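K.L.:
Sequence:
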Amino acid sequence: MSRYDPSVIEPRWQEAWDKAGAFTARRDPAKPKYYVLEMFPYPSGRIHMGHVRNYTMGDVVARTKLAQGYSVLHPMGWDAFGMPAENAAMERGGHPKDWTYGNIADMKAQMKPLGLSIDWSRELATCDPEYYGQQQAMFIDMMEAGLVYRKAAVVNWDPVDMTVLANEQVIDGKGWRSGAVVERRELTQWFFKISDYSEELLSALDGLTHWPEKVRLMQANWIGKSRGLQFGFKTVGAPAGFDTLEVYTTRPDTLMGASFAAISADHPLARALEGDPKIAAFVAECRRGGTSAEEIETAEKIGYDTGIRVQHPLDPNWELPVWIANFILMDYGTGAIFGCPAHDQRDFDFATKYRLPIKAVFAADGAEDAALAEAYVPMKSERVRYVRGFAGAEVQTGDEAVATAIAHAETHGYGTGVTKFRLRDWGVSRQRYWGCPIPVIHCAGCGVVPEAKANLPIELPYDVSFDVPGNPLDRHPTWRDCTCPKCGAAARRETDTMDTFVDSSWYYARFTAPRATTPTVLEDADYWMNVDQYIGGIEHAILHLLYSRFFARAMHKTGHLPAKAIEPFNALFTQGMVTHEIYMTRDAQGRPVYHLPEDVTVFNVADRRIVVKGNVPPPVDMIDDVDAFIRALSDEGLLVEVIPSAKMSKSKKNVVDPNDIIAAYGADTARWFVMSDSPPERDVEWTASGAEAAFKHLNRVWTLCDRIGQMPADHQGEGDNDLARATAKAIDEVTKGIEGFAFNKAIASLYAFANTLAKANASTPVMKEAIRTLAKLMSPMTPHIAEDIWAYQGGIGLCAEAPWPKADPALLVDDTVTLPIQINGKRRAEISVPKDMPIPEVEKIALADEAVIRFLAGQPVKKIIVVPGRIINVVA
RNA sequence: GCCCGCGUGGUGGAAUGGUAGACACAGGGGACUUAAAAUCCCUCGGCUGAAAGGCCAUGCCGGUUCAAAUCCGGCCGCGGGCACCA
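Position 213 of the first sequence, counted from 1, bears residue number 217 in the working numbering, the numbering being contiguous throughout.
Derived by calculation from the structure, the hints in this document are not laboratory data. Since the model is a prediction, treat every value here as computed from it, not as a measurement. Even for Gly, the Cβ is constructed at its ideal location relative to N, Cα and C. Be aware that one or more of the hints could be misleading.
Stated by the list, open to error - Calculated lysine-lysine pairs in the DSSO-like style (CA-CA distance at most 27 Å, straight line): (1) Lys282 with Lys238; (2) Lys866 with Lys830; (3) Lys384 with Lys305; (4) Lys848 with Lys867.
To be verified - Pair by pair, the computed Cβ-Cβ distance ranges are: (5) Asn725 with Ile843: 27 to 33 Å; (6) Ile843 with Leu526: 55 to 61 Å; (7) Ala170 with Ala636: 46 to 52 Å; (8) Asn725 with Ala224: 50 to 56 Å; (9) Thr254 with Thr415: 18 to 24 Å; (10) Ala667 with Ala756: 28 to 34 Å.
Make a model of the complete structure from these sequences and hints.
P.N.:
Rendered as structure tokens:
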């Protein structure tokens, strides 16, 4: 064996895997199947370390499952529609399609050297007509199933560019290009009826036992089931047709603390009042700014008293003013509320600002009805004393009070208990070019008509220009013109395209039959679904996963997925980001200037870490005064400020190009490093020293393999039993680490095992068996070096296809255990006892221990707790 | 603003109610070398002590428990999401 040279061995083994078709997924009824999927990338053009980490995790799982005898599906594709392609076309010219496919080719070329066990024959891009044509077919099926409808909804409108903006394109309430203040404007849009499934999407979360608890909780909160009271206020002085004002509240128990009613600026009543120029101006003011919840809820709370009054349902003589307020959302409840300032902080702020009364309804049990400095909002499960209650006991929990208040309203006929969800229907219309065209036709005679399936795919026209803001499909001369599939008359195509979340809501199903001329093939879907392990970023915890769960149900309803696939992801793992520290200096104006990691030099001088701009030789022998040295560097503008690690981003230049790392150390080193050190669900900080350490370790394993290879065949050693035990332990720990998504722990075990093996003095066959096992255990993480060691040490066939080792259970248990002894919870001694020793005997030995006697100093023992195999605690 | 996380040595982390700091990085000391690199060995939370040992220590404050990094309550700091970023 020669020097460890990844640039030679890595391409060689990748070719060998290709030739053997090792990773081609095949339906094999004789084997259990395993479908592992990483969230597919957006083709930005460059892979980054986050991709490397994500795909390496999936690869570790896929390779382990393959070795464990599963028929594995591990595909890859491209989430290829979206705004960046159009932005690139606007900024640099060119066409979104060319830009996207060029990026896909570039990224694929960058991914290949990683040696991932991907079945590339199933590759797909969502911008392929082959893919989005099937999506259009499903859209039509969903229309027929009643899951699609149109309604008016608000968008961010840029009044200068005359175009709709994404939330991302609204910066501080202004359009990102024009700088104009954005308005909220209504547009007729396409919607999926995800709300039909609110209850089911919520209750089915309980069955997702292999999902992170936090993701399930976030989804549950997002769906937001609430029980409340809906009732109508009788109005006084309202325009015709507004005799009652319907409101919904989750706190009907606070009805006696009401001090005003408030409606959204988009409420029909507010619109009816727009004849009044003052109200029109106020409503226009409310519509300024973007549509995002963050912007609306952090905006200053403003209101306008309409002069209209409503009668309190429990006392017709008690009238409340009706305000229009900017923090009331038309999308939730009825778009109208009653305000109870004493028990809602937002209402409290509003009431304080506009000098409205603040009356407490309840107080902490035992507390006085004191004046409030802020809203008193205890947990609903807490017992409080009602000072202005009207139903139920004086002292009760909030939950009890809500229930009794609803019962009271229903008994007296002024309101109804209603269950509502926060989840809104999914608006899928986008006024953009680079997306899946909505396959619908507007006919003067027939109205809105779905396109005939025979005409699918409705392909995007290529001849478009991006020199004017807005959707090029709207101004395309011929694409819009078509004939009505129903009556044959001249008609116009829908020019809205679909939200890119639609594309990513079913790609996992398409991978089971990526070339089919129907969206799916049931036989394939039935074999491969569900995804056994889905891996991706925590940033997708809500939207992408919720939409996918809905879409799988819709696909089942329309006959494209079997019933078992309505929850498409059996297990979910959300991985952390790859971060890097940021290197910054300042220019003459004091503005920050960022530097790439490769453009700085890091010195470790004593316990100081000094970062210097440029590539300079070590200063240690040039200076003996570190502080003076730092001052000198600072004066010359060479001293670099180190900002703590953050997600890698181009703007901060804290990026490391995976291909540079592969060129310097090989893919195995990159893979090993991103899997080591940090637990996969947490962020991992990329450090140059960490990558180098990984490379050094692989070199050590390589030379160890060489040394074992050169051992005389008849060498005898006394360490056979110890090494066999260490090997069994490594198998056990690495297997558990991988299966439990604790790759960092699996790697720590592999370090320990390699160190043990390097020091072991065992017979040649035992040494060879151990190094082959090491190679096999390393192979999910570092597949290339593993193959080389495997081949060199006489492994049969490809390491990638060799079965996963099994640990001999007899070698995993130790005969004696070391038990620490605590006295009053502090560790004072330890004893070694046979593993199966009965508790009374352990107690006897513990109490007879010299150190225990010394620490007890004659105090009587009150209690002794023995946790078998773990610890002894003596309470004195 | 609302929802959800996270916080342990100089650093990444291990320990998921039972010996805090596995494994690794950085640092310190040594071997080899003319020298350096590479490699190998030792050491490595703080205070105290000649040593044995003792005391302190898991963001901060309080609680539950024989026992808390771990469970509960409050606070501080950081991160993710908020429906047209993907």
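K.L.:
How does the Cβ-Cβ distance of asparagine 725 and isoleucine 843 compare with 27 to 33 Å: does it lie in that range?
P.N.:
30 Å, holds
K.L.:
CA of lysine 848 to CA of lysine 867, is that 27 Å or under?
P.N.:
13 Å, holds
K.L.:
Would the pair lysine 282 and lysine 238 pass a check requiring their Cα atoms to be no farther apart than 27 Å?
P.N.:
24 Å, holds
K.L.:
Holds or violated: are the alpha carbons of lysine 866 and lysine 830 at most 27 Å from each other?
P.N.:
16 Å, holds
K.L.:
Taking the CB of isoleucine 843 and the CB of leucine 526, does the distance hold inside 55 to 61 Å?
P.N.:
59 Å, holds
K.L.:
If you check the beta carbons of alanine 667 and alanine 756, does the distance land in 28 to 34 Å?
P.N.:
Given range 28 to 34 Å: holds, Cβ gap about 30 Å.
K.L.:
Take the C-beta atom of asparagine 725 and the C-beta atom of alanine 224, compute their distance, and say whether it sits inside 50 to 56 Å.
P.N.:
53 Å, holds
K.L.:
Taking the Cβ atom of alanine 170 and the Cβ atom of alanine 636, is their distance within the range 46 to 52 Å?
P.N.:
49 Å, holds
K.L.:
Taken at face value, is the distance from the CA of lysine 305 to the CA of lysine 384 at most 27 Å?
P.N.:
26 Å, holds
K.L.:
With 18 to 24 Å as the target window, see if threonine 254 and threonine 415 comply at their CB atoms.
P.N.:
Holds - the Cβ-Cβ distance for threonine 254 and threonine 415, about 20 Å, lies within 18 to 24 Å.
In summary, this structure violates none of the numbered hints.
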